[in-house]
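Number of protein chains: 2
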Amino acid sequence: MSIREVAKRAKVSTATVSRAIHHDSRVNSQTAERVWRAVRELNYYPNVHARSLASGRSHIAGLIVSDITNPFFPELVQGFAEAALESGYDTLVASTNYDAARTSLAIRRMLERKADGVAIMTSEMDESLIAELKNRNVPMVFLDVAAPGRLISNLRVDYADGVGTAVRHLISLGHRRIAFLSGPDNLKSARVRREAFLECLSNAGLAIEDPRMVTDGGHRIDGGFDAMQRLLALDERPTAVLASNDLTAIGALRAIRNAGLRVPEDISVVGFDDIQLAAFTDPPLTTVRLPRTEIAERAFECLARNMDLGQEDGAEPVIATKLIVRASTAPYRG
Amino acid sequence: MSIREVAKRAKVSTATVSRAIHHDSRVNSQTAERVWRAVRELNYYPNVHARSLASGRSHIAGLIVSDITNPFFPELVQGFAEAALESGYDTLVASTNYDAARTSLAIRRMLERKADGVAIMTSEMDESLIAELKNRNVPMVFLDVAAPGRLISNLRVDYADGVGTAVRHLISLGHRRIAFLSGPDNLKSARVRREAFLECLSNAGLAIEDPRMVTDGGHRIDGGFDAMQRLLALDERPTAVLASNDLTAIGALRAIRNAGLRVPEDISVVGFDDIQLAAFTDPPLTTVRLPRTEIAERAFECLARNMDLGQEDGAEPVIATKLIVRASTAPYRG
DNA sequence: GCTCGCGCTGTAAACGTTTTCGAGAATAAG
DNA sequence: CTTATTCTCGAAAACGTTTACAGCGCGAGC
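As given, the protein sequences belong to chains A and B, one line each in that order. Quick note, the first sequence lines up with residues 9 to 342 if you use my numbering. Quick note, the second sequence lines up with residues 9 to 342 if you use my numbering.
Incorrect hints may appear among the rest.
Copies of the same chain look alike in the list, so a pair counts if it works inside one copy or between any two.
Keeping only pairs whose Cα atoms sit at most 30 Å apart, straight-line, the calculated DSS-like set for lysine-lysine is [claimed, not checked]:
1. K16 x K142
2. K196 x K142
3. K142 x K122
4. K122 x K16
5. K196 x K330
6. K16 x K196
7. K122 x K19
8. K330 x K16
9. K19 x K330
It is worth saying that the hints were derived from the structure and are not from the lab.
Kindly generate the complete structure, drawing on both the sequences and the hints.
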């Protein structure tokens with residue numbers, strides 16, 4: 009089952025077998041056919057380790073995520089692995105668990121397995137760690153962190169647009185008093201979303217006068233619950249809220265129901281992310297979808313540019329969001 | 009950065025370096041120390057491809073699942089990968105998407121990457137496909153399919169016990185009219201759960217007289233919704249229901265609320281699986297947990313027995329379930 | 001007729017480890 | 001003191017590919 013046996017059966021040298029398998033145009037089509045027949049008859053497939061050793065290419069793409077258990081990631085993994093597979097790459101996924109030591113370990117594994125490229129889809133990533141990847145000239149792609157560079161790509165998510173369509177959706181439903189449940193300030197994406205919200209509202213002539221209308225939900229269910237309770241205690245409570253995150257929105261849903269009010273009749277709620285759970289809340293949550301599959305595919309494409317197409321520069325595609333209207337929003341009822 | 013440079017710096021042969029790295033007891037402790045120092049100074053790490061080629065062991069563990077997007081699997085993947093990592097294995101995960109062609113492709117990938125063992129955690133698996141793995145003597149472990157054999161292990165889930173504790177929980181709360189929302193009959197695990205339910209009830213002297221008290225929920229939310237509506241339409245409706253699956257239970261929750269009744273005051277509901285969503289339903293769902301992390305760890309252990317310990321036979325650990333009591337069950341109120 | 005180029009194929013040297021075999025030195029046994 | 005044994009190590013042969021390099025046959029150009 010080695011290349012030598014194929015060579016013997018096809019009555020050629022191993023070099024020719026190798027070339028035929030790689031569809032090298034230099035081999036005569038008849039010989040190639042002979043080789044392929046032998047391959048089929050012997051049910052031969054190449055030893056990837058020997059191949060990697062000789063060629064220097066592992067045909068492994070690395071994918072580093074924070075936590076595969078976080079509902080954001082499985083789709084990402086799936087999409088990436090799928091795209092990789094189509095280009096003949098296997099995917100090596102590593103989970104950092106939001107932990108520095110494990111992150112370092114993840115990088116090390118990528119290095120050891122000699123990944124041809126690695127997608128780093130987690131925010132907690134130290135500059136010093138990626139340095140080694142950079143030194144070894146392995147292409148990388150990040151999610152929304154920095155500018156692209158040599159062999160380094162970046163996926164830019166258009167959060168502002170996502171927030172914008174959500175806000176316009178609420179405005180078009182007649183809402184005027186719109187509150188925002190913000191996320192942790194140390195998260196760049198959370199900050200961007202809040203700023204976008206404020207700007208969008210003031211662009212529409214609805215600039216927020218009461219600062220309590222923007223309150224922290226911490227990107228968690230309980231945080232959203234508490235934050236919504238604060239909003240409900242206001243003299244003039246909002247008729248609609250936009251959450252920085254679906255979990256926050258779910259917490260808000262509970263708080264509203266808990267207060268004896270109804271969604272969407274009394275208050276409209278919009279989330280952000282479109283995690284799977286969002287479709288199963290009661291009522292199903294209107295939310296801004298972050299297209300995970302697309303992110304995954306773009307990420308691999310960026311790597312492929314460098315790995316297969318021989319490009320040296322990085323790309324920076326922008327990822328558009330999409331408003332998914334479900335049942336948690338309804339027209340304002342004066 | 010090759011073993012040769014380390015050898016040169018430590019003034020030994022590559023053989024000795026290799027041995028030292030593998031903590032071979034035959035190398036003198038002083039020379040070993042010299043080697044390790046050189047390794048550190050050069051920041052050397054071995055080339056896995058060369059290693060695999062020479063040793064014939066890839067240190068890759070395969071994991072085949074149906075659909076990583078299905079909330080059952082991420083934890084499984086995580087647990088498995090974690091356990092594998094601790095033993096120095098990287099995990100290659102493949103998703104079959106419930107599709108025969110992709111399943112075959114997954115197996116092929118395992119073969120090509122020369123996985124040292126593979127865990128097959130999906131039911132749709134053809135005998136003919138695993139034949140090739142068997143031929144190549146790669147250890148396998150399955151989830152609840154057949155008996156173990158040479159290099160083949162099986163994880164047996166104790167569904168009967170899980171159903172039993174759930175039923176006893178309801179009985180101890182005073183419930184006597186308990187219904188069952190069953191799953192698809194072509195799923196072995198679904199059949200087992202239903203049989204266990206019936207037997208458990210008759211053991212308690214509460215044998216079901218009305219066959220309509222066991223009705224198909226199809227393991228889906230909408231199926232559970234419809235099934236529960238049928239139960240609610242009965243003259244004597246149940247005071248508690250056990251679902252074969254959490255999704256079914258969630259559908260039931262909706263149907264009950266939809267009918268103007270309350271959980272758990274009017275009807276108690278118990279699910280099965282303990283998917284993440286179960287903790288976030290309203291009310292949070294009492295359910296029987298299928299310990300995914302434990303399944304994953306056991307699965308890897310089974311492989312490790314064969315891969316590292318040199319055992320030839322397969323194991324068959326049994327996986328115990330656990331009742332998670334949340335807020336969807338309450339004492340019967342006459 | 002000679003050279004050149006082209007199309008095709010084979011030889012053999014990598015790639016970086018592991019591992020067998022054997023040798024030399026030191027130690028123990030007799 | 002000789003012989004066996006144990007320790008420690010190195011030389012070199014795998015492992016199964018890829019890929020420079022060279023070679024061969026053959027038709028074309030001169």
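Hint by hint, here is what the structure shows:
1. K16 x K142: between (43 Å within a copy, 27 Å between copies)
2. K196 x K142: Cα proximity of K196 and K142: one copy only (24 Å, versus 50 Å across).
3. K142 x K122: both (13 Å within a copy, 29 Å between copies)
4. K122 x K16: between (32 Å within a copy, 24 Å between copies)
5. K196 x K330: Within one copy only: 20 Å inside a chain, 40 Å across chains, cut-off 30 Å.
6. K16 x K196: Neither: 61 Å inside a chain and 49 Å across chains, both beyond 30 Å.
7. K122 x K19: between (35 Å within a copy, 27 Å between copies)
8. K330 x K16: Neither. Shortest intra-copy (58 Å) and inter-copy (59 Å) distances fail the 30 Å Cα cut-off.
9. K19 x K330: So K19 and K330 fail the 30 Å test inside a copy (58 Å) and across (63 Å) alike.
Checked against the numbered hints listed earlier, the structure breaks hints 6, 8 and 9; every other hint is satisfied.
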